[in-house]
Amino acid sequence: MLKILKYVGYDLLRSRWTYIYCSFFLMISLSLLFLSSDLSKVVISLMNIVLLIVPLIATMFGVMYYYNSREFIELLLAQPIKRSNIFLGQYIGIAGSLSISLIIGIGVPFLIYGVFNSPEIWNFMILLVTGVLLSFIFSAIALLIALKNENRIKGFGLAILVWLFLAVIYDGIFLLGLIWFNDYPLDNFAIIGSILNPIDLSRILILLKLDISALMGFTGAVFQKFFGTGLGIAAAISVLIAWIGIPAWRIKSVSQTKDF
Amino acid sequence: MKIKYFIFLCSVWLIAQNGISKQLEVCSTCPHKTIKSAIENAEDGDKVVVKKGIYKEGNIVIKKSIQLIGLDYPILDGENETEILTVNTSGVTIEGFQIQNVGTSYIEDRAGIRFERANNFVVRNNKLYNTFFGIYLAHSNDGIVEGNYVEGEAAKEMSSGNAIHIWYCKRVKVENNHVKKHRDGIYFEFVDNSLIQNNLSEENLRYGLHFMFSNDDDYINNEFRNNGAGVAVMFSRRINMSENLFILNWGKASYGLLLKEIYDAEITNNRFVENTIGIFAEGSTRVNFLNNDFVNNGWAMKVSGGCLNNQVSKNNFISNSFDLSLNSSAYENSIDGNYWSEYSGYDLNRDGVGDIPHRPIKLFNYVLKKTPEAIVLMRSLFIDIINFSEKVSPVFTPANVLDNQPSMKIFERT
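Note that the protein sequences, when read in sequence, are chains A and B. Per the numbering used here, the first sequence starts with residue 1, numbered consecutively. Per the numbering used here, the second sequence starts with residue 1, numbered consecutively.
Hints are computed from structural coordinates only; laboratory data are not their basis. You can trust all of the hints, since none of them are fake.
Derived PhoX-like pairs: lysine-lysine, alpha-carbon spacing no greater than 25 Å straight-line:
1) A:K209 <-> B:K252
2) A:K225 <-> B:K370
3) B:K252 <-> A:K41
4) B:K22 <-> B:K33
5) A:K41 <-> B:K409
6) B:K252 <-> A:K225
7) B:K170 <-> B:K64
8) B:K64 <-> B:K173
9) A:K6 <-> A:K82
10) B:K180 <-> B:K156
11) A:K225 <-> B:K369
12) B:K156 <-> A:K225
Pair ranges (Cβ atoms, derived):
13) A:L161 <-> B:P398: 34 to 42 Å
14) A:G177 <-> B:G305: 27 to 35 Å
15) A:S31 <-> B:D351: 29 to 37 Å
16) A:K6 <-> B:I410: 50 to 58 Å
17) A:A242 <-> B:G305: 40 to 48 Å
Just a sample of chain A residues kept apart from chain B, beta carbon distances all over 10 Å, derived:
18) I4
19) F24
20) L26
21) L35
22) M64
23) L77
24) I104
25) V129
26) L147
27) G230
28) G245
29) W249
30) D259
Note that CB positions come from ideal geometry on N, CA and C, so glycine has one too.
Could you build the full structure based on these sequences and the hints that come with them?
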């Protein structure tokens with residue numbers, strides 16, 4: 001598995017998309033830091049970008065990489081290697097390289113601007129951690145979709161749809177639900193609704209850490225209380241791990257029975 | 001003839017006695033060792049000069065119109081047990097003391113300096129530390145409180161007092177004071193025709209300025225910084241607030257300025273920076289909000305029910321999370337002619353006024369009013385999309401809340 005990881009890693013290192021992705025974040029964070037030296041504001045602006053771009057790129061990249069490296073996978077399958085090793089190695093290779101690009105792209109500019117001497121360090125770390133987790137979640141989902149669909153157009157379409165659903169449509173349905181059940185106490189519903197979607201969960205985890213949480217009033221206080229308890233943190237972490245674990249496990253089982 | 005001469009001499013002597021005031025000095029080597037004895041021997045119009053030293057004399061009551069002057073800040077210490085200076089007569093000046101350690105009381109409102117039914121007073125250049133109430137004025141008119149530094153050690157609202165507490169007074173000037181870490185920085189109740197100017201009020205537990213039932217007052221060029229709940233102005237008529245700075249009043253229950261039942265006020269040339277809510281107005285009528293700057297606030301203005309005939313004009317709204325929020329759909333206020341950093345219109349005839357009206361209320365704002373829990377979706381992509389679509393073709397947001405003459409340029413302040 002390590003060998004496959006290495007191959008995928010080398011392959012992606014040669015790919016210019018990794019560099020474009022990395023330099024995109026470099027440029028965005030450098031220009032934001034250049035425009036405003038208030039690290040807290042930059043974290044908020046970057047949050048909006050990370051929550052939008054990271055899942056999208058991870059989805060597209062995962063699907064694209066699988067379809068492009070199909071011949072290589074068939075070659076590997078002819079060797080005496082466990083199938084789960086091949087696919088999980090490939091998955092971790094993609095997600096890992098995306099995460100490294102993200103960490104370099106955001107981390108280096110913040111290092112230059114001295115994030116370690118600033119009280120914003122923890123907010124920044126949360127941004128990085130959620131970015132990495134989102135990379136892992138969405139590349140797992142993308143690989144799973146690609147594995148299940150031989151038809152490339154269908155695969156791409158489905159992957160985009162999943163991203164669109166979690167990034168936009170889910171919030172719409174969630175909002176409708178909140179308005180619909182307006183007459184009932186909605187605190188628990190709001191907590192459950194936002195914890196189930198990894199993008200929403202990441203956004204709230206970051207917002208609660210920032211000054212801006214004061215704007216969230218009563219509901220914000222409820223959230224802060226929930227995520228302040230051991231149960232809340234455990235729930236948030238287990239949901240994020242489940243979002244990685246379940247697709248990864250499905251990749252394993254689907255690849256085992258798939259007829260190439 | 002002789003008798004007449006004698007009477008004349010007598011009257012000269014009497015006039016001299018009354019006209020020329022004595023000066024009594026207090027120090028460890030002076031004729032008067034304690035302030036109390038000096039006051040006992042003083043008469044109306046005398047000057048008691050207290051030299052440097054520490055005086056622990058408990059409660060000093062002044063019932064004569066004297067000037068009590070401290071040289072090099074002599075320390076009056078209450079040893080956490082008593083009120084320190086109590087004045088019960090008119091025409092008293094207290095200047096240049098360091099007054100400390102009054103101590104908390106749950107039964108009486110002890111103060112560092114108290115004026116009760118004493119007119120024409122002056123409290124100048126004193127330093128007060130750890131006084132339960134700092135300067136306490138009640139039923140006293142025509143006075144000046146200036147240049148004082150009042151720092152408390154308030155930890156809880158229950159067990160703390162106000163720095164400058166004024167109750168049932170008229171024509172008082174509060175100028176150039178610096179108040180810190182009390183319950184309320186400056187407290188006004190039933191105070192008319194007064195002026196609050198150039199003060200700095202910071203880090204107080206509750207309000208930087210607490211202002212109730214007080215009419216015809218001005219407060220000008222003060223700074224209210226980082227107070228627990230900002231500034232509250234309630235139940236008052238004809239007040240003028242200008243050139244004040246409301247900054248960093250940030251927290252779940254904080255305002256820059258809370259207005260409640262205010263009539264005919266002028267709120268001009270103020271700056272509201274980084275407050276959770278810049279101005280929260282409730283039941284305010286005929287108030288002019290002119291030439292103010294709202295920068296980086298959560299809500300710049302939150303207008304609740306019962307606000308009529310207010311004018312909001314020539315203000316700058318810059319980078320606030322929400323510029324305006326309304327509680328009722330019936331809107332009888334004018335918001336024409338402001339600068340909005342979110343305005344995206346154009347100006348074809350180049351007269352500096354945008355050609356299409358600006359709608360400061362976003363759809364998300366409208367949704368929040370109905371379902372406050374929806375705040376969990378703040379800053380999500382979906383919210384940005386619906387805000388944008390609502391901006392393009394308004395359906396839900398109130399049609400009559402708009403700025404018909406939005407300015408294209410920031411109003412420059414001098």
